[in-house]
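Chemist: The residues making up each chain are set out below.
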Amino acid sequence: MSGGGLTPPVGPDDHASGSAGAPVTLVEYGDFECPYCGQAYPIVKALQERLGSRLRFVFRNFPLKESHPHAQHAAEAAEAAGASGKFWEMHDTLYEHQRALTDPRLLQYAEAIGLDPGALARDLESGTFAEPVRQDFRSGIRSGVNGTPTFFINGERFDGPWNDPEAFLAALTQASA
Amino acid sequence: MAATLLQPGTPAPDFTLHATPDQTISLSELRGRPVILAFYPADWSPVCGDQMALYNEILSEFHGYGAELLGISVDGVWCHAAFARDRKIHFPLLADFEPKGGVARQYGAYRAHEGTTERALFVIDAEGVIRWSYCSPVGVNPGADGILRALDELAGRTAGTGS
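Protein chains in written order, with our numbering: chain A, 1 to 177; chain W, 1 to 163.
Hints were generated in silico from the structure; no laboratory data involved.
Computed from a prediction, not measured in an experiment: that's the story for all the values here.
All residues carry an ideal CB built from backbone N, CA and C; glycine is no exception.
Take these hints with a grain of salt, some might be off.
Stated by the list, open to error - Some chain W residues flagged as far from chain A (calculated, every beta-carbon gap over 10 Å): (1) L5; (2) Q7; (3) P8; (4) T24; (5) E61; (6) W78; (7) A112; (8) G115; (9) P142.
Claimed, not checked - Partial list, computed: chain A residues near chain W (C-beta under 7 Å): (10) E66; (11) G144; (12) N146.
Claimed, not checked - Cut-off 20 Å, straight-line C-alpha distance, at most; resulting in silico cross-link-like pairs (DMTMM-like, lysine to aspartate or glutamate): (13) A/K86 - A/E111; (14) A/K86 - A/D159; (15) A/K65 - W/E114; (16) A/K65 - W/E61; (17) A/K45 - A/E125; (18) W/K100 - W/E114; (19) A/K65 - W/E57; (20) W/K88 - W/E61; (21) A/K45 - A/D92; (22) W/K88 - W/E68; (23) W/K88 - A/E66; (24) A/K86 - A/D123.
Could you build all of it, start to finish, from the sequences and the hints given here?
Modeler: Right, here's the structure in full:
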């Protein structure tokens, strides 16, 4: 069930691509190792391209650790990259290699986008970025996330077929009207 | 058609069901802490959107309220055992198997036509009284936000600020 919509609303701590002034904000709760999220990745990319400045896209972590053993560290790696201003580079890399998310691979990806792999290794070891991931996860539960990916359009859960790009686009276009 | 679930304020009917082939759980054993009953139609629904897999991930949040979570379906103990092992489920899955759906019927959560339980949620307080119930359309995973709001209320916290 979904009673309160997106909780908390999108704020300055979120990873956002696009302008805060955009008429539509799309939030995804996702898991880098979830194959359905992998399917959604190019669909969202195409929507961003299509809608341009009318769309702001926000990603929040919702790693299903029991199902996906590498999802938690992948999420922490994305947060670590975000702390260096490279969240989206890591986000894209992870989805483009979502069957290869072991720790050594995460370090390679960090190096490839210009981050210090040694620092990431230490951060993963000590769980430096576990808490922001946990906060995202909790906010997802509160918001009525019931699996991955779950999308919110302007704060309301989108229960339509995200894997139908035309229907997804229609919902976003309607929200921007 | 949605069954008429037992409503808030109703004492939760006690039951004893098998959690494993040689172990049973009685609701009355859990008196003194909140209990979440999650009736679900069947083991082995699709992975990522699966309700029990989701609750498995959220278990620590439920435990933060001192609450126990029990999953219940009409599947037998061996089916539950295989499902729990495959999905690494860390909470009891109870077999409402003989008489089939007997407990679900007592809670108004049985779909006689399909021969399965509803996708129904109950939050029971420490005294054994139902404080919240919700029946989801059978194809829709209800998530956990409703359960957490009910637990917030039991704990006397403002909804949305659970620690």
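Chemist: Would the pair W/K88 and W/E68 pass a check requiring their Cα atoms to be no farther apart than 20 Å?
Modeler: holds (17 Å)
Chemist: Regarding the pair A/K45 and A/E125, is the alpha-carbon distance no greater than 20 Å?
Modeler: Violated, at about 32 Å.
Chemist: Tell me if the straight-line CA distance from A/K45 to A/D92 falls inside 20 Å.
Modeler: holds (10 Å)
Chemist: The output says W/T24 does not contact chain A. Does that hold with a beta carbon cutoff of 10 Å?
Modeler: Holds, since 25 Å exceeds 10 Å.
Chemist: If I take the minimum Cβ distance from W/W78 to any residue of chain A, is it greater than 10 Å?
Modeler: holds (21 Å)
Chemist: Does the closest beta carbon of chain W sit nearer than 7 Å to the beta carbon of A/E66?
Modeler: holds (5 Å)
Chemist: Please check whether the beta-carbon of W/L5 is more than 10 Å away from every beta-carbon in chain A.
Modeler: holds (14 Å)
Chemist: Determine whether the non-interface label on W/P142 survives the test: each CB of chain A must be over 10 Å from its CB.
Modeler: Given that some Cβ of chain A is not farther than 10 Å from that of W/P142, nearest at about 5 Å, it is violated.
Chemist: W/K88 and W/E61 were given as a pair; does the straight-line alpha-carbon distance stay at or below 20 Å?
Modeler: Distance of about 17 Å is within 20 Å: holds.
Chemist: A cut-off of 10 Å on Cβ-Cβ distance, and W/A112 was said to be off the interface with chain A. Does that hold?
Modeler: For W/A112, whose nearest Cβ neighbour in chain A is about 24 Å away, the distance exceeds 10 Å, so it holds.
Chemist: What's the verdict on A/K86 and A/D159, does the C-alpha distance respect the 20 Å limit or exceed it?
Modeler: Violated, because 30 Å separates the two Cα atoms, which is more than 20 Å.
Chemist: Quick check for students: does the CB of W/E61 sit more than 10 Å from each CB in chain A?
Modeler: violated (7 Å)
Violation of the numbered hints given earlier is confined to hints 5, 9, 14, 15 and 17; the remaining hints are satisfied by the structure.
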